[in-house]
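J.: Chains as they are written, first to last, in the numbering used here: chain D, 1 to 187; chain X, 1 to 289; chain B, 1 to 140.
Simulated from the structure, these hints should not be mistaken for laboratory data. Accuracy of the hints is not assured; some may be wrong.
[Said to hold, decoys possible] The calculated label-pair distances, taken between Cβ atoms and stated as ranges, are: (1) X:244 <-> D:83: 34 to 44 angstroms; (2) D:105 <-> X:267: 27 to 37 angstroms; (3) B:6 <-> X:204: 52 to 62 angstroms; (4) D:105 <-> X:282: 44 to 54 angstroms.
Note that the Cβ used here is the ideal one computed from N, Cα and C, for glycine as well.
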Amino acid sequence: MTAELSFNQEIANMMYATHGNPISHCLQCGTCSGTCPAVEFMDYTPRAIIGMIRENFKDEVLASNTYWSCASCYHCTVRCPAGIDIADMMYALKRYSMWKSRFKEGLIGPDFSEGFVKMIVNSGKSFEPILATTYLPKFSAGDLVQEALTATGLVLKGKIPLLPKRIKRLKKFQRMVKRIIPLGELS
Amino acid sequence: MKQYAYYPGCSLESLAKPYQLSAKEVSLALGLDLREIEDWNCCGATAYFPVDELLAYTLVARNLAIAEKTGLTDFVAPCSACFKNAYYTNNYLKKDPDLADHINFALEEDSLHVEGTLKVRHLIEVVLEDVGLEAVKNKVAHPLAGLKVAPYYGCQLLRPRKDHEDVENPQYFEELLSAIGAEPLEYASKTRCCGASLIITNRKAALEMVHLLLKEAIERGADVIVTTCPMCNVNVEVYQSQVNREFGTNYSIPVMYFTQLMGMAMGIAPRRLGIAREPVPKAQAPVSA
Amino acid sequence: MNVQKRLIIIDDDPDFVGGIKSILERAEYQVDTAYNPKDGFQALQARRYDLLLLDIMMGRGAEGIALARKIRKDPKLREMPVLIITSVREQIAFLFPGQAVHPNFVDVDELVEKPVEPKLLLEKVSALIKAAEEKHLQPQ
Ligand code: SF4
Ligand code: SF4
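Taking the hints into account, I'd like the entire structure generated from these sequences.
T.: Following this line, the structure appears as structure tokens:
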């Protein structure tokens, strides 16, 4: 019986194809945390999360909001002296948590990603994040978006379409998707 | 006129219509022939990667394949998020034959094939490199004298990292603004993230990020913030009232696409550039922070 | 059985790998493991295996599919039976609710969904190995 894989190794496997260096190269210098525009809204800083992964604090890492608070701005990535693609690591953690349905209660991120991908698979096109709330009533933030739109001088010629346009070759597009994610018959 | 395979992206069909209008007008006037590719699909912005990165690449690859089929050599996107996705997917396809094989198998369903041979560019790069500052200057009919502009580059135009650009302190946006007679301000936040991708999922964080961008621009006396991306533009523009409520501020500053400002300088009617609120130079000196 | 059969599991989930590995070892199989598609493919090239147990969601996404296709194109690996083991239905079922994993997405031999019944697993494994051997013995 082989020893079970540590969480640190699990994340290394999730990131086996990353274009940066493995997180084992991290110097714990904190440049990423100092750069991050979202850091004050994170339970743990990016540097701390990397330290925690390396110490196998699996439950604490997964239960944190850190990786779902990452804006994918790549500022940390371009500054990391150890050449780690930290934004890519945040994506890997998001995937890990979605595949295993293990994320902090009350986060909107996982639901939003799900809704977004569903929308694209069904139509080939997307709404914009700004308008998403009007398309996804479950987030019940439609009022805020409406307010934002009316409060500014933003011109919207015509009404906001309720759903994005569809692409023409939608059926072929969906068969294409199915060759990548092989689920059952598409409607 | 040089032709380009043009990928507008989803935003330019709805909230960012002014960008679409002004990009077309200005390109035409500059002698750039943008040919919109047929039946393109959403490139996924930042929302696929948490689910399946291979799917994310495939969706981008479909657009690249459609563009390759036109025989044109340059793929141009006006949206920074679309640009970044296309730029990196194109590179990865070239570098990773297994990935290309897998994706091409999927693309067969739509009779498409991708090679990764296109040159993927953002619209502002095309303006700077293929038209050039001198030619831009020659087209200026009404220099925007006295207009103080905060040039906002945002994230994905610059990062993660391309060839040898200065990702920390780029200057090309400033140079373009000077060419149309405007006054580019020192804007330290110019490459700081605006938080557009968090506006739904982590509203507090996103509003704080918008707040900082507005604060610096206004303290430096900007008449207008100018962007190169529909995500940034819409995010910084429409959430001002909520920033004001959250932070007790009273910000109200126009946010425009670089193509709108160029169009104004070139004498194109504001209506044709989708301009709702024309920026007027404020005579006052910048408030020192 | 005179020669011990050698299997490989390519799956990123250590709990799951640990579980089926011990089931298979109790049934006298030799079992190697790899936890990402790249290590997995290297292992497959380093030696001959009688069967591959392959997961779908790994690394960047549905990598198991890409790997299965690559194996089927490789003249040395083409004959090896592949058993796909996945919980993809739970993982990404939200895309197409209520639908099972499509059985014919790639030319593999069998697919079972997690969690796997030990008895069912052993039956499938021995049937696949046997079928592959018979196919090999038959004159083409
Ligand atoms: S910047 Fe890089 S090396 Fe420094 S703490 Fe962050 S990940 Fe580690
Ligand atoms: S990519 Fe994410 S973690 Fe890195 S600086 Fe940006 S928001 Fe912070």
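J.: If a hint holds in the structure, say so; if it doesn't, say that too.
T.: Structure-based check of each hint:
1. X:244 <-> D:83: 34 to 44 angstroms: 41 angstroms, holds
2. D:105 <-> X:267: 27 to 37 angstroms: 56 angstroms Cβ-Cβ, so the 27 to 37 angstroms window is violated.
3. B:6 <-> X:204: 52 to 62 angstroms: Roughly 55 angstroms apart at Cβ, these two residues keep to the hinted range, so it holds.
4. D:105 <-> X:282: 44 to 54 angstroms: The hinted range 44 to 54 angstroms holds for residue 105 (chain D) and residue 282 (chain X), with Cβ atoms some 47 angstroms apart.
Hint 2 from the list above is the single one not met by this structure.
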